[in-house]
Amino acid sequence: MGVRSSRSRIVAAVATAAALTLTACTAGGSGSGGGGGAATDDDGGSAQGGTLTVSTSFVVNSLDPGQVYEATGALAVHAMYDTLVTFEGSDVSTPVPLLAESWEVNDDATEFTFTLTEDAVFSDGEPVTAEDVVFSINRLHNLQGSPAVTVEGLAASSPEEGVVVVTSEVPNPNVPTILAMPAAGVLNSEQASAEGATDAEDAASADAATDFLNTTSLGSGPYVLDSFDPASEIVLTANPEYWGEAPGYERIVVSNVEAETQKLTMARAEGDQVALDLSGRLLEDLPETLQVSASQDTFYFLTLHQDPAISEITSNPDFVQALRASIDYQGLAALFGEDALPAAGMVPTAFPGALPEDEAQQRDLDAAADFLADSGIEDPTVELMYPAITYRGVDLATIATKIQFDAGEAGIEVVLDPQPIASFLEAQTAGEVPFRFSPQSLNYPVASSLVNNFAPGQASALRSGWTEERASEEMVAAGEAVQAAGDAESQVEAMREWQELLNEQSPFITLAYNSGVVVATETVGGAEYSPAGWQVDLRAVAPQ
Amino acid sequence: MTTTLTAQPQRSRWRVQGYALAAYLLRRLVITAVLLLGVTLVTFILVQLVPGDSMTATLSEAALADPEIVAAYRQRWGLDEPLYVQYFVYLGNLLGGDLGVSQQTGRSVLQDLLTYVPATMEIALPAMALSLVIGVAVGLYAAVRHGRAGDQVVRAGTLLGLSTPPFWLSLLVLYVFFFVLGVSPSGGRLSTYWVPPDQVTGLVSVDALLAGEPAMAWDAVQHAVLPVLVLTVLTVATLVRFVRSAMLEVLDQDYIRAARAKGLPRRTVLASHVLRAGLVPVITVSGLAFAALLSGTVLVEQIFSWPGVGQYAYRAASALDMPAILGVSLFVAVVYTVVNLVVDLLYGLIDPRIRVA
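If you're matching them up, the sequences are chains W and D in order. The opening position of the first sequence corresponds to residue -4 in the working numbering, with each subsequent residue numbered one higher. The opening position of the second sequence corresponds to residue 11 in the working numbering, with each subsequent residue numbered one higher.
These are computed hints drawn from the structure, not numbers from a lab. Model, not experiment: these values are computed from the prediction. Every residue, glycine too, gets a C-beta built ideally from N, C-alpha and C. There may be inaccurate statements among the hints.
[Said to hold, decoys possible] Chain D side only, calculated, beta carbon under 7 Å to chain W, not exhaustive:
{"id": "1", "residue": "L74"}
{"id": "2", "residue": "D76"}
{"id": "3", "residue": "P77"}
{"id": "4", "residue": "T115"}
{"id": "5", "residue": "G116"}
{"id": "6", "residue": "G198"}
One chain only, chain D, in its complex shape (with noise of 0.2 Å):
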């Protein structure tokens, strides 16, 4: 009978917290849904802004000057219609799970970003694991070395980091490891001699040992290297300041000073501590370095011919592919929607002051 007693509320608090988490995720959802749909109708719009068409873009000059060829090219592409209902025709499709086909591959755009986004993936993965690790350890050091030669050196590294532009430092790597040194591929996901291994997950590196081919994989792996190593150091750059504020700031609170008067050992405040508190802002920017990092490298991937999402948004801009532009954005946005919902639940799992409930 007591043990009635004492299930009974904790099964009650259990539902309540299950309904307002599910209430939470509708109420997300929803907001989700007008965003994304403000999302297509600014682009739409901008990209009408924009001087010039995928028709100029994509046309010889013989060929603009041929009405019939112009009329096919409009009709083809249905630009031929009023602007309000190639947007309407545009949403209608988006409904149907259909992201209309690019101008510039002739494919669907859903089975670009199907074919680029695992490629973005392959290097964001790990770059983002590195980043982490490094950057935890790297702020969390200068934090705790606040003002002395250690912190200093990891001040300046991180403004190199930061001032250091992606295209410069692509191309110094690249010249370094595979020009000077090399030790190294200088671009592409797979040297020209292997036959890509079937796609099952897009990642090459992983379909390849899929696939029985170890040699290939380890040649994706490598080929995957410089851009990892860059995209690393432009991430952890950011990260390591974050780490290293927020934690200065959770070094700065009274109990912790109360946690080191009581002679709790250093190891012990730092890790239950500080890093437990520090790490709830930094979720967040790791969120954002992370959606970044999925949504676009554009630099990076250019000049590793790397071809991924930031590659296939770079050219769709060029050559003003609406269709891909669209479908693009709206990738970006359910990224970043994403990324935040993940970290707003988080708070919840790493901090119990912010939970759902």
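Bound-form chain W, shown alone (with noise of 0.2 Å):
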């Protein structure tokens, strides 16, 4: 009896635990299925088009215009705040006007002169004004954050009420462009200053409002920052003082969310949800329901160094051709998915100044066997260093191993040597890398930004021993001509003579473009992938 007894409170106690497990699990079924979105306004939900869930996994340090810099936080300052000029859509060859109505250039591309709209009113009520942007493009500069590089050069004054003016120091095509990014951002300047911001040169060290700004937003824009967790969500709520369209959503909601958990829940989505980590291999096998759009914003490439110091194997140019020859491009970029395109040049196809798709590179291990015995090089070994992680969704690794074996079958052993991130970044700084890979997004979504960074003698050249010295006349000349480009259009041909160098002379190998990517369920309109910086404009993401 005893022995029954005591058996059945054991029996009883793991039923009682499964039981609770299974009830809960199955009341789950009246939710929404998965990180909400789905409209149940009967038990106290917003109705459909109340709600928008944005997922993606995300860093973001700030929401203050000044300091934002990764992408999720581009996203949200994108739809708080209102900049000069806009783009729509995936477009990013023409800004168009949102606060500026209006805008002239002078012959020399030096000085913009931008006419104000008179219907701009911060979320407060009060009217934006020249000197609110003039405040807001000093301040971004004087901040010194990350995206004080991006109006580098740029000075901002106001002439007369509802003008401004930026002044470059050199000839700058794109300045409107670089003023559409989302650290450009309009601040209240007033309600700023009252928080402890200031656009003075010391405000490094002087500013004091980035806290602030990271619970409450200053703009002028569609949404207003509701609350921000850097760890888990951002949420906005539609700005009830909008002066342009009211927005498409009462709330929107950005979650952290681990891409393999976006996939499961947009598989199973109801309601209006947007995911934004989806790409390569994870776009397949998705409901034909969603709708999916992409953009081809980022390369991958190879660096070798260029100091014989550091390697005389990678610095050698015939080694550099051999290798650029022994790529199966086609293959690689089939490895990222049906989304990827093989490289032509450095800019990916996003981007006005791309090179023609017909003119992609092509694998020749005839002229990789010629460039190899003209390197003088016998049988070499060198190291791949590489970021362990998966980028886009897809893991480095696999292209790395695959970089691998193309080079193997020229006669190049390459040995893997996968690194956590932030080892990684900290050798390529150290710029003492033989031989690394890594993806790149451009800063702002003009070609020309990549000469700033890959020509010889700049940032990232220099990191592999890319000086000018060390480079031909030619190819200085071709990123000089390119930088002296007095409108968009000639620039834009310039890089393309300057990519068709770089791909005959350069210590860069361009591999492949890969997209990014917005996957929407059905019911969300304008849900269109955006290579200007903020992936989706969630301005003009609405119901339909």
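With the hints in hand, could you dock these two chains into one complex?
The structure is reproduced here in structure tokens:
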């Protein structure tokens, strides 16, 4: 009797625990089925169109426009802060008016005069003035945060109310594009100053408004900041004072969700939901009802150090060409998924200045053998360092292994050296890595920004020992021609010539272009991927 | 008079025991302080030894190439000071209750921990409670059925539980309960259509009830179920194995055999002798399991988008966010210290042979 009683207690305990678990699990069935988003106004939620859920795996340090740098921060800041100009959809070639209803540029592209609309008001109802614009641009520069590089050499002033003049130290036809970036969002200067913001030259140490701007937005955009938890979510609500067309949603929740979970969530999604990290293989087998918008805005490339003191092998120009000829670009691009393409040059196809697809690089093992023979290096072995991460749905180790295999067929032994991302970045910054592989996006959607980085003697080039002295005069001149171009069209042409030379002479081997992707449920309208930096324009997204 | 004579030694004994307990606690407090100091020093040195720093993990490549931006960043975060100065500044602030500002979130680390610890508690507490109930019950059952079919099944299940990677199990339950069966939310603490309640306890389900929103509380409970389930499976496997082993050891003692030989009912033997004696080592492992749950179940929180200490620690480590890493390390050390202290005190309550005095 005693034994039976004891057993029954144990069984009961287990059964109770299991029952509790199962009961709670089953109860979830009445919910929205993951991540919310579905309209369930019966139990207190919003009606459809009330809440949009945007899932993305994010790291966001700040929602202060002067400090914002990461993609998710740009996504949110773009919705909260108006800029002088902006872009529509995936087209980043033509800026369109926002706070500025029109603008003019002088002949040498050093002075841009913006005429502001009179309609714009901040979320507190106060009008947006030229003073606010000048304050915001100068603060962005003087804060010396990550996005300050985009406005390097620019200065803003206001000769009269309603007019803002932005000057550039060097000819730069891309100033409107730069000022469309979320970091150039216009703050209510009076309120910001009251919270410790300053646009003075010592703003890097004197400005104290970032903490406030992480809790309260001071913009004139269609959404205002409701709450910001750097680990889990950013919540935006519709700005009732918005001066333009009313935004599509009452509330937008940007949730921090791993890519694998995003895939599961979208596969069963109901209501208005968007996922931003389903690239590459993660796009496979999704329900056909989902909308997918993609744009190739990232390139993957190899870098070979040009300083013989770092590596006699990688600094040998013939070895670089041998390696370039050994890569199976088509096969490599296929590893990224359906949306990837073999690279033709450094500029991805999302941006003006990309080389035509039919100029995509080709594998030529015979040429590789010739180049290797010319290099005078026998049985070369090089170590390939890369960040051991999954980027946009693709494990970089897979790509590195393919490079290793391709090079091996040309007689080049590649030893893989995966590194944690922090270690990789540290080594990259130190500029002493003989051979590395990484993805790259543009700082802002202007192809010529790559010249500022990768031309001989520029920051990224120097990290691979590619000084002006080690480059040909022709290569240096091609970069200068891009920077001297006075209008967008001639700059695009100069960019193409620069890339063709890059393919022949540079220590950079561009491999493939991969896409940024927006996946949305069928009820969401306007969910188009933008290579402008904000991924999807939350201002334009609305129920359909 | 007689009463006085008998009462006096009793009070003295309590007083002696009280003094002993106080001395014991004081000793533990001093040891804890030294331990925590050691944790800060070791963590600080280890983070310095890791290649890379927060600046390379935070700034863009273009920004890293700009000396002005680099200088501004280093000054903002005190990285331009020598390492020993950075450490002593940190210690000085720590004594004032200031854990520093997270380079990753821009908020005080203390504020971050106060936000994320309750989130972890919300899944750790029910997981621990379930694990204890199931672990003790199943472990005792297996010990009693030693060598028989029931025991074999439990041992196989335990092995399976112990060898299951948390990441994989999380994805599996998500796939089954959310994707296939559609009976559970996919992640997060609350459906996005809810505006979270004001933080009172930090436990969303409780705060929702306090805010008069039972439907929201129920939604929060539903979101907690899968992470709790995974944590329970992972924790219970350890407990069952340990309970079984501890109970087997007790069952093999002479006094148990004597009790049985005396004809005591099996139920009485199990409840009064076996369970009580076997619980002492179980408390240790339970304490450690609970500390592990509280100090961060990184992968589970990642998969379920659960903004707890684990996720915070993961992101702090990824960004080499020194103040946050130090803060989490300190928190973990405090959790383990407190849990160990509680375990030691519980020993005395359960087993009179192990009294402080």
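Structure-based check of all given hints:
no., hint, result
1, L74, "holds (6 Å)"
2, D76, "holds (6 Å)"
3, P77, "violated (10 Å)"
4, T115, "holds (4 Å)"
5, G116, "holds (6 Å)"
6, G198, "holds (6 Å)"
The structure shown violates just one earlier hint, number 3.
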